[in-house]
Amino acid sequence: MHPILKDRRTLALYLLAWLAPGLTLATLMATTAKAPWGGAICFSLPAMIVYAFMSLSSWYVCRAFPLPGTDLAKTLSSLFFAALLSSALWLLACYAWASALEWMQPGLAPRERYMDSLPLLASFGVGLFLIAAAVHYLIESLESARRTERNALELQVLARDAELKALRAQIDPHFLFNSLNSISALTSTDAAAARTMTLMLADFLRMSMNFGGLEMIRLEQEIALVRHFLEIEKVRFGNRLVVQTEIGAGTLSARVPPLLLQPLVENAVNHGIAQIPDGGHLLLRTESDGGSLRLLIRNPVDPGRTKPRGRGMGLTIVRRRIERLYGSGGNLDVQETGGNFVAVLTIPHQV
Amino acid sequence: MRVIIVDDEDLARGIVREYLASHLDIRIVGECSNGFDAVKAITESKPDLLFLDIQMPKLNGFEVLDLLDPRPRVIFVTAYDSYAIKAFEVNAIDYLLKPFSRERFEKALLRVAGKEGDEPQDAVDNLIRSNRSLNAPIERILVRDGSRVHVIPSPMVDHIEAQDDYVSIHSGGKKYLKLERLSDLEAALDPKRFVRIHRSHIVNIERLVRLETYAKDSRIVVLNDGTKLPVSRPGYEKLKGLL
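In order, the protein sequences belong to chains R and Z. For the first sequence, my numbering begins at 2 and goes up steadily by one. For the second sequence, my numbering begins at 222 and goes up steadily by one.
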């Protein structure tokens, strides 16, 4: 269905727009073909209305030959052909109309006047058709630009949804199965410890799942999640994992996106502490200067460690999230110096 | 049967210990928490069976196995490793997934015991090779010297020479022997840095000083420490392409 015909208001506006060429034609007929003004008007305006509808057919040509097309020559020649065809048909219709007028009001618009105006009408016919085609192309490109923008927005929303869903489901399988294995071991050597660890793991999983669906949480909650994780890992690693936390004043109430710190802590354990036979100290520090919140994680690393296979997405995802949320106001800085790996997350301190 | 348990987690080793307690014919002759200790203990005690964790710091399970000669029978243990599990299935190798039940443990033990004299060495070789190709290009070469393990970072390797079933790795004026095929090492090393210039030689191109031509197909390269190595025709083509 032609877009202009869809809406009554646009149709009316469209026809109104065609009055202009109609008047132009009448004026030209009056001046060049020396036709009487009244006759020219009576002839031209209805003729133009008819052509207004006829040139809508250029839309179909534009659709068949979209720009930018592969064969520009083909497109142009088709357009010209269509223009000539439309004009020819229109000229016939004008002839009929001129005859009808002649019959209704003899002398008003004699057929000779029509014949004299033939070249004028012909050029109007072709010209207006091509202009209509051009306008159609313009409309199409505006539409397509709008569609592209809408698609881009939709994709962004989808990506965010997918990421949140992935976050909610994102439990490191190594962590999970190794923890369950530790619980299995404790059941026969220390049943009380086995129960404690089971409950800690359940709480950690529950928190991960709940937080993943939220936009923002308190830093206090994220720290609790991280603490649970580290307590469980401490059972697995024993003395190899020593945790130090330094919580700055006023930081616990800050609002942060969920599961932002957790992946960094996981990396610190998996790629840092776990790769060192004797393990080491993991430091977690939070501080704020009122405007910015600074979250720091420091852990020892083995400089000669082999690159993790398939992993490494953790940092990328965190970076992408803070860029989307804070733009240039957020930053993740990582540095490896003197056998230590330091990750510093800086985000605006919001409450 | 004499057994060594290798796992970096004490609790994990504890489970194997617990499950083995009821087997009076099985004696635990060692427990190791990392790959280096494992190579030492296995070389010195020569156990019949290994319970080998894959994910360990510094040296993983596959690398430990690659360094052993002869190799004991192995039951691999892992919490989660889709690559490894696929490789195990393909090569019909025994493995246990943490956490595992006593029944599952017993089944694996029976299977391994049943392989008395029927050593699937090819399967394990395949496994080690496929793991190596996953990690290619390798950044270090591991060599066993008695019961000690040397870690040679790839950039420190000057050149490698084939010697029957072994290769001789030259690095910093020292030579290390490794039970390895030259072509396997060639496949694992960074092709932009290491070139097989000859049927029996791989060279680190950063050590090259000049190329000398004596006759039409008689060429040698000279390294920065004065060593001269022969270059075959295909080797010369490869060098040309790289330099």
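Just so you know, the hints here were simulated from the structure itself, not pulled from any lab data. Beta carbons are placed, not taken as given, at the ideal position from N, Cα and C, and that holds for glycine. One or more hints might be untrue.
[Unchecked claim] Lysine to aspartate or glutamate pairs mimicking EDC-like chemistry, simulated, CA-CA at most 16 Å apart:
#1 R:235 <-> Z:231
#2 Z:279 <-> R:303
#3 Z:279 <-> R:279
#4 Z:267 <-> Z:252
[Stated by the list, open to error] Have a look at the derived ranges for each label pair, beta carbon to beta carbon:
#5 Z:266 <-> R:204: 36 to 44 Å
#6 R:146 <-> Z:313: 37 to 45 Å
#7 Z:245 <-> R:240: 28 to 36 Å
#8 Z:395 <-> R:219: 53 to 61 Å
#9 R:211 <-> Z:387: 56 to 64 Å
Hint check results:
1. R:235 <-> Z:231: holds, 12 Å
2. Z:279 <-> R:303: holds, 8 Å
3. Z:279 <-> R:279: holds, 11 Å
4. Z:267 <-> Z:252: Within the cut-off at roughly 13 Å; holds.
5. Z:266 <-> R:204: 36 to 44 Å: holds, 43 Å
6. R:146 <-> Z:313: 37 to 45 Å: Given a distance of about 59 Å, which is not inside 37 to 45 Å, the answer is violated.
7. Z:245 <-> R:240: 28 to 36 Å: holds, 33 Å
8. Z:395 <-> R:219: 53 to 61 Å: The hint (53 to 61 Å, Cβ to Cβ) holds, given that residue 395 (chain Z) and residue 219 (chain R) are roughly 58 Å apart.
9. R:211 <-> Z:387: 56 to 64 Å: Once the Cβ atoms are compared, 58 Å apart, the range 56 to 64 Å for residue 387 (chain Z) and residue 211 (chain R) holds.
Hint violations for this structure: number 6 only, all remaining hints satisfied.
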